[in-house]
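These protein sequence lines are chains P and Y, in that order. Note that my numbering has the first sequence beginning at 1, numbered continuously upward. Note that my numbering has the second sequence beginning at 1, numbered continuously upward.
Hints are all accurate, no fakes.
Remember, identical chains collapse to one label, so a pair may be satisfied in a single copy or spanning two.
The calculated lysine to aspartate or glutamate pairs, modelled on EDC-like cross-linking and capped at a C-alpha distance of 20 Å, are: (1) Lys293 - Asp215; (2) Lys389 - Glu331; (3) Lys22 - Glu250; (4) Lys296 - Glu320.
To be clear, the hints were calculated from the coordinates, so they are not data collected in a lab.
2 protein chains.
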Amino acid sequence: MTRLFADRMGCVHRSFVREILKVTEDPEIISFAGGLPNPRYFPVQEVAQAAQKVLSECGEAALQYSTTEGYLPLREMIVERYARKGVKVSASEILITNGSQQGLDLLSKIFLNKGDAVILERPTYLAAIQSFGFFEPKFHSIPLQEDGVDLQALEKVLLEDDDARLFYSVPNFQNPTGITYSLDKLKAVAEKMSGGSTVFIEDNPYGDLRFMGEDRPSMRNFMGENAVLLGSFSKIVAPGMRLGWVCACEEIMEKLIVAKQALDLHSNYLCQRIVHQYLKDNDIELHIAKIRKAYKEQRDFMVAAMEETFPESVSFTRPEGGMFLWVTLPEGTSSLDLFNLAIKEKVAFVPGQAFFADGGGSNTMRLNFSNSDNDRILEGITRLAKVIKG
Amino acid sequence: MTRLFADRMGCVHRSFVREILKVTEDPEIISFAGGLPNPRYFPVQEVAQAAQKVLSECGEAALQYSTTEGYLPLREMIVERYARKGVKVSASEILITNGSQQGLDLLSKIFLNKGDAVILERPTYLAAIQSFGFFEPKFHSIPLQEDGVDLQALEKVLLEDDDARLFYSVPNFQNPTGITYSLDKLKAVAEKMSGGSTVFIEDNPYGDLRFMGEDRPSMRNFMGENAVLLGSFSKIVAPGMRLGWVCACEEIMEKLIVAKQALDLHSNYLCQRIVHQYLKDNDIELHIAKIRKAYKEQRDFMVAAMEETFPESVSFTRPEGGMFLWVTLPEGTSSLDLFNLAIKEKVAFVPGQAFFADGGGSNTMRLNFSNSDNDRILEGITRLAKVIKG
Numbered sequence: 001m002t003r004l005f006a007d008r009m010g011c012v013h014r015s016f017v018r019e020i021l022k023v024t025e026d027p028e029i030i031s032f033a034g035g036l037p038n039p040r041y042f043p044v045q046e047v048a049q050a051a052q053k054v055l056s057e058c059g060e061a062a063l064q065y066s067t068t069e070g071y072l073p074l075r076e077m078i079v080e081r082y083a084r085k086g087v088k089v090s091a092s093e094i095l096i097t098n099g100s101q102q103g104l105d106l107l108s109k110i111f112l113n114k115g116d117a118v119i120l121e122r123p124t125y126l127a128a129i130q131s132f133g134f135f136e137p138k139f140h141s142i143p144l145q146e147d148g149v150d151l152q153a154l155e156k157v158l159l160e161d162d163d164a165r166l167f168y169s170v171p172n173f174q175n176p177t178g179i180t181y182s183l184d185k186l187k188a189v190a191e192k193m194s195g196g197s198t199v200f201i202e203d204n205p206y207g208d209l210r211f212m213g214e215d216r217p218s219m220r221n222f223m224g225e226n227a228v229l230l231g232s233f234s235k236i237v238a239p240g241m242r243l244g245w246v247c248a249c250e251e252i253m254e255k256l257i258v259a260k261q262a263l264d265l266h267s268n269y270l271c272q273r274i275v276h277q278y279l280k281d282n283d284i285e286l287h288i289a290k291i292r293k294a295y296k297e298q299r300d301f302m303v304a305a306m307e308e309t310f311p312e313s314v315s316f317t318r319p320e321g322g323m324f325l326w327v328t329l330p331e332g333t334s335s336l337d338l339f340n341l342a343i344k345e346k347v348a349f350v351p352g353q354a355f356f357a358d359g360g361g362s363n364t365m366r367l368n369f370s371n372s373d374n375d376r377i378l379e380g381i382t383r384l385a386k387v388i389k390g
Numbered sequence: 001m002t003r004l005f006a007d008r009m010g011c012v013h014r015s016f017v018r019e020i021l022k023v024t025e026d027p028e029i030i031s032f033a034g035g036l037p038n039p040r041y042f043p044v045q046e047v048a049q050a051a052q053k054v055l056s057e058c059g060e061a062a063l064q065y066s067t068t069e070g071y072l073p074l075r076e077m078i079v080e081r082y083a084r085k086g087v088k089v090s091a092s093e094i095l096i097t098n099g100s101q102q103g104l105d106l107l108s109k110i111f112l113n114k115g116d117a118v119i120l121e122r123p124t125y126l127a128a129i130q131s132f133g134f135f136e137p138k139f140h141s142i143p144l145q146e147d148g149v150d151l152q153a154l155e156k157v158l159l160e161d162d163d164a165r166l167f168y169s170v171p172n173f174q175n176p177t178g179i180t181y182s183l184d185k186l187k188a189v190a191e192k193m194s195g196g197s198t199v200f201i202e203d204n205p206y207g208d209l210r211f212m213g214e215d216r217p218s219m220r221n222f223m224g225e226n227a228v229l230l231g232s233f234s235k236i237v238a239p240g241m242r243l244g245w246v247c248a249c250e251e252i253m254e255k256l257i258v259a260k261q262a263l264d265l266h267s268n269y270l271c272q273r274i275v276h277q278y279l280k281d282n283d284i285e286l287h288i289a290k291i292r293k294a295y296k297e298q299r300d301f302m303v304a305a306m307e308e309t310f311p312e313s314v315s316f317t318r319p320e321g322g323m324f325l326w327v328t329l330p331e332g333t334s335s336l337d338l339f340n341l342a343i344k345e346k347v348a349f350v351p352g353q354a355f356f357a358d359g360g361g362s363n364t365m366r367l368n369f370s371n372s373d374n375d376r377i378l379e380g381i382t383r384l385a386k387v388i389k390g
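So that you can see chain P by itself, here it is in the shape it has in the complex:
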């Protein structure tokens, strides 16, 4: 008997990056491939104290079923942090999700019919391509420039496909490129999209990890209710608890709640209570400052090592924050071939082509600097330079 799967399964495959990460499990390999935060900066003690407090003070409640929307005091804390950053939203506009990744599934579910258009940055976050892919959309990939998407290309797509449902963007320290939109570019994108029905998804997992330069405003301030924001505790507290959120206007939120309820009733309530307690008893801004300082050092160290050891024909981004650098090799070089050579030298990265929904990018690669300490960075970059030089 041949088992019958849904047609959509023809379009989606096991993540290439996931397979790569398996190769890099060998502890001798210095891996710049993953997208992991540095566990050294997880607030383990503080989370343990919060867990103890929650379980001793209100254990029965914290272990019971709860509301689909998420724990209200936690949602209120998220609203307060938005307010401090100049974004005015209410707690009824926040839905706690199982990591912000889940927000992509929920938004796809409520917005996408098969064949509907989704606008992506080129390159873009691989798992977003996968998440949207389950809903069989048509992708439009808009090339990224140093300060955000190419406006002419965006304009062309908006003219051709005026009913694109979603535009997915990571405006700050993008995954994979590390690029941040300029203020002018944000305004120009909002201007081009105004009057249309395309929803702008601002995925902002790294926004708090700015090492240098000035914070940019949220697109919510330019696009109002046509901007949906995704946020996450993964990079500022810890990813293992899988807690993120969607911030959307009430009309969209009403649909998201219906979808979330059918999907998994609600997100892990015990961890919602733990993170709430942690945020109540600790200064998260102080903690984030510590992470920022550490990542800046790691980023500076990696940039310096690359400047010293990489050939001039290789260019790379110098991100103002986040966790990733993006490397462009000379035209015609295959980063996939290079990957196989690099593994022999015990160093790993992600070949860039996985991040292109429409193919291409074979001469690019993504390097993660958040999950390696300085000595590993220096050694790894030295090995990588050797491989690149051939």
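Assemble chain Y onto chain P, guided by the hints.
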């Protein structure tokens, strides 16, 4: 501007039960409406100890990203429990999900094209109707008899629609009816389905909560790889951690992992580690025996109160386990009208019609006995009898 949502949003609505639960939040109302376990039997102290151990011994690892499949030692424990119940599966056939509810979304995603047939019991678990509903299937509802589905009706559907993709069943102490399949009925269903491509989903959240009678074998033993099992820690440990699992053969599992990865990368890892530690340090079977004893008393108490106070024209199930009773009122009585009267008397239940995918059931209601202590049960049933008698 009118916002454009996906067509599927026309078919799905906020859960009726969810709205009902809001009405019943008034603490003066004795509610038999929810489907909550009794928090008195949550192992709060033991979970707190497990959390402390995990965070002090391997905090950094427990707070980091992890594998999509879930924590291997936890999956191995699930496999061992299955083995003790006579179900032979391997850890590679277990995927940890965000509650077993999420398993329904993942299975829908990998199996259902729009318009594909899904076979349901009539009545069935409301949130399953909602979860499948997002994938726009065609439903076939097979009436439930005292010992499981009506075989003739099943045969008719299988003949008419020989490519039904999924058959969703809760064989033990079903939600909402409390009905359990007989051994003969299980075998007969497997026999009728043999040779077909329909996947049987055995959702078994209450299987461990048997008060009387004998355990039934899993359909996996009769249908092999055409049976997919859903399990949950919600009723035997606690629901707030949202940990369940799917057990499926490797061909199906491969697809489920791709879907889970796109959906939320992996389930809450900290809580996977906590539940694993809890299971390692405590005797779960002893704990379950305690819950079983308590729920049996509550069930007996409710049944006795109903036998004493309800008119003879009202019939109800006497489940051998689980959390629910199912009441059938005289033909022509509206349980929805009764609900409004009951609320005035400060007692609540779920009107049964919500559990029928194809309409009907207006003279039925679901009563939960797990979440009320004996004095509340007696008082609530007395109030309800008064309302029924009019």
